[in-house]
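Asks: Chains A and B are the protein sequences, given in the same order. Under the working numbering, the first residue of the first sequence is numbered 1, with each subsequent residue one higher. Under the working numbering, the first residue of the second sequence is numbered 1001, with each subsequent residue one higher.
Possibly wrong hints are sitting among the right ones.
What the hints assert, rightly or not - Listed below are the simulated DSS-like cross-link pairs for lysine-lysine, each with C-alpha atoms no more than 25 Å apart in a straight line:
no., chain 1, residue 1, chain 2, residue 2
1, A, 83, B, 1056
2, B, 1041, A, 14
3, B, 1067, B, 1056
4, B, 1057, B, 1067
5, B, 1003, A, 57
6, A, 9, B, 1040
7, A, 9, B, 1037
8, B, 1003, A, 71
9, A, 9, B, 1041
No lab work stands behind these hints, which were simulated from the structure alone.
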Amino acid sequence: DGGITQSPKYLFRKEGQNVTLSCEQNLNHDAMYWYRQDPGQGLRLIYYSQIVNDFQKGDIAEGYSVSREKKESFPLTVTSAQKNPTAFYLCASRQQGAGVYEQYFGPGTRLTVT
Amino acid sequence: EDKVVQSPLSLVVHEGDTVTLNCSYEVTNFRSLLWYKQEKKAPTFLFMLTSSGIEKKSGRLSSILDKKELFSILNITATQTGDSAVYLCAVDAGFLGGTSYGKLTFGQGTILTVHP
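Put together the whole structure using the sequences plus the hints.
Replies: Below you can see the structure in the form of structure tokens.
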């Protein structure tokens, strides 16, 4: 089955620790995205990548880092510099090109930092 | 700054009712408007609208876009308890040279609760 997997489903960390969230897709999509969702708010874009070895900051990139070494994978690191890291993190991917395409989402990782 | 606003923020109805969810936007370089349904985890895609006045329909759900007035509505007829979810509206508004970045700006979502 084609799709997007995120792991782990739940993650607990102590304040001051970096943590890496995994996102893998087998849809052969070029573009991948990371969003953050807080209660009562919509999704906000953290980072996105249109192609391997290239990525751009989204609207709330401070305190986060990413890499895109393989087409299938787009891991997100939440660093200790992120002031309020507790949130639900969603990864997405889509086709790239001149047309308009929907984004497909993974199941998400709920991160709790205490 | 691109902006998407959904209303109402929450809605409680009974099975069989018809609901209308609203989404207004202010963005540059509009490419498309998307509706998603989110039940506790991954948002699932419902509709993509690019042209004004053309209704998209899937079963009891339908949606239409008004590019002049900058809004979209999502209608759900004969609601069922399984329709209970957060409905998200997003606008794709970033592109360069004809290729969309796929940078979505989301509204806050509408929480729909359908009671039996």
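Asks: Quickly compare the C-alpha distance for residue 9 of chain A and residue 1041 of chain B to 25 Å and report which way the hint goes.
Replies: Holds, because 10 Å separates the two Cα atoms, which is no more than 25 Å.
Asks: Need the status of pair residue 1003 of chain B, residue 57 of chain A: alpha-carbon distance at most 25 Å?
Replies: Between residue 1003 of chain B and residue 57 of chain A the Cα gap is close to 18 Å, so the pair holds against 25 Å.
Asks: Are the Cα positions of residue 9 of chain A and residue 1040 of chain B separated by 25 Å at most?
Replies: Given pair residue 9 of chain A, residue 1040 of chain B holds - Cα atoms ~12 Å apart, limit 25 Å.
Asks: Hinted pair, alpha-carbon criterion (25 Å max): residue 1057 of chain B, residue 1067 of chain B. Please report holds or violated.
Replies: This hinted pair holds, its Cα atoms lying about 18 Å apart.
Asks: Are residue 1041 of chain B and residue 14 of chain A close enough, with their CA atoms no more than 25 Å apart?
Replies: At roughly 24 Å apart (the allowed maximum being 25 Å), residue 14 of chain A and residue 1041 of chain B satisfy the hint.
Asks: Check whether the Cα positions of residue 9 of chain A and residue 1037 of chain B lie no farther apart than 25 Å.
Replies: Holds, because 20 Å separates the two Cα atoms, which is no more than 25 Å.
Asks: CA of residue 1003 of chain B to CA of residue 71 of chain A, is that 25 Å or under?
Replies: Violated. Residue 1003 of chain B to residue 71 of chain A sits at ~31 Å, over the 25 Å cutoff.
Asks: Run the distance test for residue 83 of chain A versus residue 1056 of chain B: straight-line Cα separation, threshold 25 Å.
Replies: 41 Å, violated
Asks: Given the hinted pair residue 1067 of chain B and residue 1056 of chain B, is their alpha-carbon gap at most 25 Å?
Replies: 15 Å, holds
The structure fails hints 1, 8 (numbered hints given earlier, in ascending order).
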